[in-house]
Structures are given as structure tokens and as C-alpha cells.
Amino acid sequence: MQTKSIIAGLALALLTSTAASAGDVRVMWYSDGVEGEVMKDLVDRFMKENPGINVILDNVAYSVIKEQLPVQLEAGNGPDVARVTAIKDLAKHWLDLRPLVKDPAYWDENFGDKADWMRPDGSDQISGFMTQLTLTGGFANKTLFEQAGVEMPGPEATWEEWAAASKQVADSQQVPFAMAIDRSGHRITAPMLSYGVNYIGEDGKPAPLDQGAKDFLTQFVNWTEEGVFAKDVWVSAAGNTYRAAAEDFINGQLAFYYSGSWQVANLTTKIGNNFDWVATGSPCGPAACTGMPGGAALVAVKYTKNPEEVATFMDWMAREEIVREFSERTLFLPAHKGVVEKGGLNFQTDNEQAKAALGTFVEASKATSETALKLPAWRWADTVYAAIVTRVGQTLAGELSLEDTFARIDADIAQKVKDAGL
Amino acid sequence: MTPPAAGSPAPSRSFASILLAPVKLVMGIIDVPLRALQKATGISGMAIFFLAPNMLIFGIFVLLPLAINFVYSMTGGTAFFLADRTFIGLDQYDRLFECSNYLDPMSCQEDAFWTAVGNTGWFVVLQVTLMILVALGTALILNRKLRARSFWRAVFFFPVLLSPVVVGLIWKWILQRQGLLNFALFEMGIEPHNWLTDRTWAFVAAVGVSIWAHMGFYALILLAGLQAIPKDLYEAAEMDGTKASRVFWRITLPLLAPNLLVVVVLALIKAVQVFDEVYVLTGGGPGTSTMFLTQYIYETGFASQLRNPGLAAAASILMGLVLVVLTLLQLGIGRKTEPKGGKK
Chain G
1 MQTKSIIAGL ALALLTSTAA SAGDVRVMWY SDGVEGEVMK DLVDRFMKEN
51 PGINVILDNV AYSVIKEQLP VQLEAGNGPD VARVTAIKDL AKHWLDLRPL
101 VKDPAYWDEN FGDKADWMRP DGSDQISGFM TQLTLTGGFA NKTLFEQAGV
151 EMPGPEATWE EWAAASKQVA DSQQVPFAMA IDRSGHRITA PMLSYGVNYI
201 GEDGKPAPLD QGAKDFLTQF VNWTEEGVFA KDVWVSAAGN TYRAAAEDFI
251 NGQLAFYYSG SWQVANLTTK IGNNFDWVAT GSPCGPAACT GMPGGAALVA
301 VKYTKNPEEV ATFMDWMARE EIVREFSERT LFLPAHKGVV EKGGLNFQTD
351 NEQAKAALGT FVEASKATSE TALKLPAWRW ADTVYAAIVT RVGQTLAGEL
401 SLEDTFARID ADIAQKVKDA GL
Chain F
1 MTPPAAGSPA PSRSFASILL APVKLVMGII DVPLRALQKA TGISGMAIFF
51 LAPNMLIFGI FVLLPLAINF VYSMTGGTAF FLADRTFIGL DQYDRLFECS
101 NYLDPMSCQE DAFWTAVGNT GWFVVLQVTL MILVALGTAL ILNRKLRARS
151 FWRAVFFFPV LLSPVVVGLI WKWILQRQGL LNFALFEMGI EPHNWLTDRT
201 WAFVAAVGVS IWAHMGFYAL ILLAGLQAIP KDLYEAAEMD GTKASRVFWR
251 ITLPLLAPNL LVVVVLALIK AVQVFDEVYV LTGGGPGTST MFLTQYIYET
301 GFASQLRNPG LAAAASILMG LVLVVLTLLQ LGIGRKTEPK GGKK
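Here the protein sequences line up with chains G and F, keeping their order.
Heads up: the first sequence at position 259 corresponds to 259 in the UniProt record's numbering, and the numbers run straight through without jumps.
Heads up: the second sequence at position 273 corresponds to 273 in the UniProt record's numbering, and the numbers run straight through without jumps.
Chain G on its own, in the form it takes in the complex (with noise of 0.2 Å):
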């Protein structure tokens, strides 16, 4: 038993000589554009304001937000706070602040409506707050569309409608590809939705791959064949990992490309004056013109040593005005009920397209499906979309028939279930 003691706390001393000091507040934060500059200036201002607390930002890659920090929280470390997307899936790790944050009523008003997609289920947890909304949809290479002669479809065109107009332009233009969307299940997930899929079962979990996911995954797997769709992006890896195919569109070799509302800040930057582009919404199929929800949220780590601090740091970050700030020079969609009710935003940009792009996002909001609206928040959304991509890669890549794939898809998804123990 003397001998368990001391190992215990010579492993103890190990693990806690390498933890944050007191007062400090490690964030583990990733960029999809100019969002980590403006984070390290918010958190510069806030220890000017509360110079007793030490924020560290750590910036990493999106791929260690995705494949190492699970892995950290589920061994019981970790940052203090992180930036995630795998919001629900996650949800068991983060930090209760409901007893640590100065007004939790304040959390529940402004934050409350999305507080679902960030806590276990039933509980009334306050984890973090999403920095941003985002929406998935379309952007169209209009200089291209332009110099073929093919009219842009307009908001309620179809994906046959667009798949038809691209290529036109892409076989005039002598681009690679006519469309491409990015190698991602939530990506997909959207003209899935569009198609009528419903993948959430009666008793919660996961249903098999019903009528709509399969119309839209045998249509998609033939455009690809026949060169509408870029093939790249989804054969380029094994496994649910992620690709965008956003250089493409900036490099101006496709005519349209489907990804989401955080790309504006992005194209902005690296496309600037070389064409002319147009955010599109999501084109519609026969079931709605949907994009899927979605977006990062900043959530506090219940391994944390320091959760006053947290709590401190994070109700300065959920402050109205900093939210505004944040999504004024970040050019996201704010989260913020009080920020959105008030209106008025002011982009910090001087491109019409990005401005014009953004207002396109909002208005196509509207048109989410109640489907789409139930997805972030549903426990099992990440195990479905890792088991299309995995398997509609293989697909692409001539490994798999249409019948297998779906047989596969639903196999996968089962046996992750059982795995949970669920």
C-alpha cells in the first residue's frame, strides 16, 4: 500500500510539474482565417484589464483540434479552454461555468438557444458560447460564369440546375472542374438534407441510410464521374479526414464550390481582386434548399486547475461588445441573440463581394431545415458523417459499388454504436 502511495504521487508530481501555473489559462485555438490575430489581440487587452491572469493562445492546426485533443481530454488533460467544432461529441469534457460565471442568466438570454449543442443531453450545463454561426452554401466564380456566357442559376435553382450551368462553364473556361464541396460529412450532409434524408432514428439513434441519402450519394458519385464534381478533394485521403477544396476556388479553377459562411474572411483575402466572386446559398433538391448549421464554440475543460480564471476569462470574451467586435473583424455570423436582435453590424471590410456574401448567408438562414436545426445538437452527427466519407472516398476512388457503400455506411455507423456500449 506504501509503495501504491508513492507511485501515486511521484506520478502525480510528474503529470501536475507540467500543468499551468496558477492564474494561467491555456487556450487552444485554430484559424480558418484572420481570427487568431484577432483573438490575441482581445486576450492582450483582456490581461491589460485583469493583469492577474496569464492567458496562453495556443495556436494550432485544425487537424490537432480534431485528432488530439480528444485524445487529451479523454486521458483527463488538456488546454484550459479550447476553440472546437465537435461541440456535442465532446460535451462530457467540458466545464460546467453555470456556478463560476458572474450572471448565468446573462448566458442563458444571449447564449441559451445553442447552449444544447455543447452540453450532455438533459442537462442544463453552461459549457461556452459559440464565436460563430456558420452555414453551409455555395460560391460561384461569376467573372467565369461571365466570360463563358452561362447565366448564374438564381437562389432557387437545384443541384442539377448548378451541376448543369458549371460545367457549361467549366468545358468553356478550360477549368479542372466545374464544382467541388469540401471532403467533410457536415459539408455533404447539406444537399443530403436538401434530398430529404433524415438520419436520426425513433429511438435517437442513428437509422439506416433511408431513400434521400441515397439519391443524393448516387447522384454525387456520378457527377464525379463524369468530371463535374472534383474528384481530388475526396480521394486525396483514407478515413473521415478532412480536405477542403478551397484553394481551387481561389486559384480559379472551379466554377462553383460549396463549403460555408466561414470562407468569406478567407476568399476575401487570398482572392481579392483576381475575379469576381458570389456567395449563392445552397441550391435546392426536391426536399427543401438547405445548408447545415454549424459553426466553433469556445468551451471551458472541466480538468482545468484554474476554473475561476476560466470563468473570469470567459464571461470577458461573452461580453456584448466583444462578441461584436469579434464577429465585426472576423466577419463570422454572430451567435449572440442581443448582437443579432440589435443588428447593425459592421463588417470591417472594404469588399462588396464579402459584404454581399454575408448578407447572402443570413438570408439563406432562413431556409434551414428543422432537420438541419436537430443535427448539432445530436449526439451520434460525427459518427454518420465519418462513416459517409470514409466510405463515399472509397467510392470515388473505384474501391466500392454504390450497393456496398450504403451497406457499408450503415455497418460502420452500427458498429460504432455498439462500441459506445450504447
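Where hints are given, some of them may not hold.
What the hints assert, rightly or not - Here are the simulated DMTMM-like pairs of lysine to aspartate or glutamate, each with C-alpha atoms no more than 20 Å apart in a straight line: (1) 231/G to 276/F; (2) 40/G to 328/G; (3) 142/G to 121/G; (4) 48/G to 320/G; (5) 92/G to 84/F; (6) 102/G to 124/G; (7) 418/G to 191/F; (8) 418/G to 91/F; (9) 342/G to 113/G; (10) 243/F to 232/F; (11) 172/F to 247/G; (12) 418/G to 74/G; (13) 231/G to 198/F; (14) 342/G to 321/G; (15) 337/G to 315/G; (16) 205/G to 121/G; (17) 418/G to 31/F; (18) 66/G to 98/F; (19) 214/G to 226/G; (20) 374/G to 202/G; (21) 48/G to 74/G; (22) 418/G to 98/F; (23) 270/G to 124/G; (24) 418/G to 203/G; (25) 374/G to 203/G; (26) 337/G to 89/G; (27) 337/G to 113/G; (28) 142/G to 248/G; (29) 337/G to 321/G; (30) 337/G to 116/G; (31) 302/G to 232/F; (32) 172/F to 44/G; (33) 142/G to 350/G.
To be clear, the hints were calculated from the coordinates, so they are not data collected in a lab.
Dock chain F against the given chain G, drawing on the hints supplied.
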């Protein structure tokens, strides 16, 4: 011969002795307990005493994780802490081996595992065979009297010094759709090809890049072997007018055989573990055509949604068994090729 000036060596001796004094002091302090220990335990006890620190480190950082990994392979669930996991015996191994036809991965429950096994098998056969041939050819050329021979030796060894991530990125920039190779082909009027999204070419690229990255190391070992072959054998063959090909098959190759065997086994072990540069280059794609066993283990244990550490541990134990066989082979070869010294 002029005798040294009287007293001249004395200062250097005293300087050396001043320098050595602290060492002598420490040695003297250590000597006392060590002598006592040797008296009490004998020579064999001293061997254990000196080996103990190393064995302790080996035990903590190699044997203990190995044992923990084995225990993990017999547990289920998605939790990382062993205490939170359920003991399920050999179920993870059953799951890996549940297959109606091992040659058709799609007939297996864990099709990704068997695809990775198949890919790794092909990779090992192709990469090791080609790399040994290229390394041997390179060593034979570098063993000749070349102009700037040292420079060429450094050139071939240089990729070995690069980080695998750097290797992967360099070749990705060369081989991707808008990469250097396609640019060069386009400039020459040849139709560019999408090398990394073509299953066959992506696999060829994985093999080729791996050979490029590691060949220098094996060429160096073979070069050392070539230089150890007595020159008089070649001189005698030359005097007899023996053909160059006969010299290679009858002198060079037999005398290089011990080095070649070591190189083959080392290359086999390294090839089974292939991961980093290929992961950066292709991400395991297109589809799963360049996904190897180590990537499968990594993805299953750490990267995939709802990780399964037990399944990853079971796959790594199986891979470990293959590596143990190869290591034993290497040790056996090492013993056989050791010079039999000490018996005159």
C-alpha cells in the same frame, strides 16, 4: 638526439594531474562501495548492477507499454483509461480475423485492416526488392574511382537526413495535380496526369518516395561491405582476365552476402512500419490504396470518430509479432555472420 630541457615535461604532467585530480577523487569515492559490492555479489552481481539502470528504463518505456498494450487489446469500449474499459477477452482479435475470404478484404468485418495488411504486404515486397537493387547499384557505383566521389556519397545519403514530413511534402509538391512534374510535362507538350489520385500511380509514388528517402542508408552499409572485400581478389581476377559479370557473381556478391542479409532484414522491418512520409504524401488515399498497417492502427486508435483503442492495440500486437519474427531473423543472421574470433 637532444634530450628535453631539464624540467620541461614537469609542468605538463602537473597540469594533467591537476585536471585529473577531481576525476581521481570521484573514482576513489566510487571505488570503495563498488569494491565492497563486488566482494559481496561477485562478478555476475556487478553485471546486474551495471545493467540495472538500462533495464529499468527499457522496462518502463518498452516492456511496460507493451504489456499495457496487450491488456488493452483484450478490452472493449471507447474509454481511454484502462480502469474504465471492459474486459472482452479475445473479441478484438476475433473481429480482426472475421473474414470469409482473407484475399478479399471486402468480405471481412474489418475490411480496412485487411486492406492495410494487403497494401503493406505489397509495399514490403516491392519497396524492399527495388530498394536493395538500387542501393546495391548505387554502392557499386560509389565504390568506383569517381570524380567528386565524396560529394556523390553525400548526395545519395542526404535524403536520409530529412524529416519524413519534409520528404512527404517535397514529393507532394512535385506530384500533385498542379505540381512540378505536371508543369514540366506540360512544358514538354506531354499530357499531365493526376498522379496522387490514381490508385496505381499513388502506390508507385509511395514506393518510390520511400526508396528515395531510405536508400542512402542501405547503400552506405553496402558500400562499407564492398570496401571490406580484399583488393587482391579483384587483382587476381583481373590478371586471370575474368569477365566483370563473373567477378560480380563469384567475388563481390558472395563476400557482400552478410551485409546484404542485414540490409534485407533491416529494410523489411522498416517497410512493415511504413507510415509518416506516405501519410503526408497521400493521406492513405486514393480511397485506401496507400493505407498501410501503421496508419490503420493510428486511425483506429486515435484519429477516427469514436476511437477504438482496443482494436488498435490488437492490430498493433499482430504487427508486433511480425516484427518480432523479422528481428529474430536479423539476430540469427547476425550470429551466423559474426567472425569466429578467439579460437586459434
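Each hint tested on the structure:
no., hint, in the structure
1, 231/G to 276/F, "violated, 24 Å"
2, 40/G to 328/G, "holds, 15 Å"
3, 142/G to 121/G, "violated, 44 Å"
4, 48/G to 320/G, "holds, 19 Å"
5, 92/G to 84/F, "holds, 15 Å"
6, 102/G to 124/G, "holds, 16 Å"
7, 418/G to 191/F, "violated, 49 Å"
8, 418/G to 91/F, "holds, 13 Å"
9, 342/G to 113/G, "holds, 17 Å"
10, 243/F to 232/F, "holds, 16 Å"
11, 172/F to 247/G, "holds, 15 Å"
12, 418/G to 74/G, "holds, 19 Å"
13, 231/G to 198/F, "holds, 10 Å"
14, 342/G to 321/G, "holds, 12 Å"
15, 337/G to 315/G, "holds, 16 Å"
16, 205/G to 121/G, "holds, 13 Å"
17, 418/G to 31/F, "violated, 63 Å"
18, 66/G to 98/F, "violated, 30 Å"
19, 214/G to 226/G, "holds, 18 Å"
20, 374/G to 202/G, "holds, 14 Å"
21, 48/G to 74/G, "violated, 34 Å"
22, 418/G to 98/F, "holds, 17 Å"
23, 270/G to 124/G, "violated, 41 Å"
24, 418/G to 203/G, "holds, 15 Å"
25, 374/G to 203/G, "holds, 14 Å"
26, 337/G to 89/G, "violated, 24 Å"
27, 337/G to 113/G, "holds, 9 Å"
28, 142/G to 248/G, "holds, 15 Å"
29, 337/G to 321/G, "holds, 12 Å"
30, 337/G to 116/G, "holds, 15 Å"
31, 302/G to 232/F, "violated, 74 Å"
32, 172/F to 44/G, "violated, 38 Å"
33, 142/G to 350/G, "holds, 19 Å"
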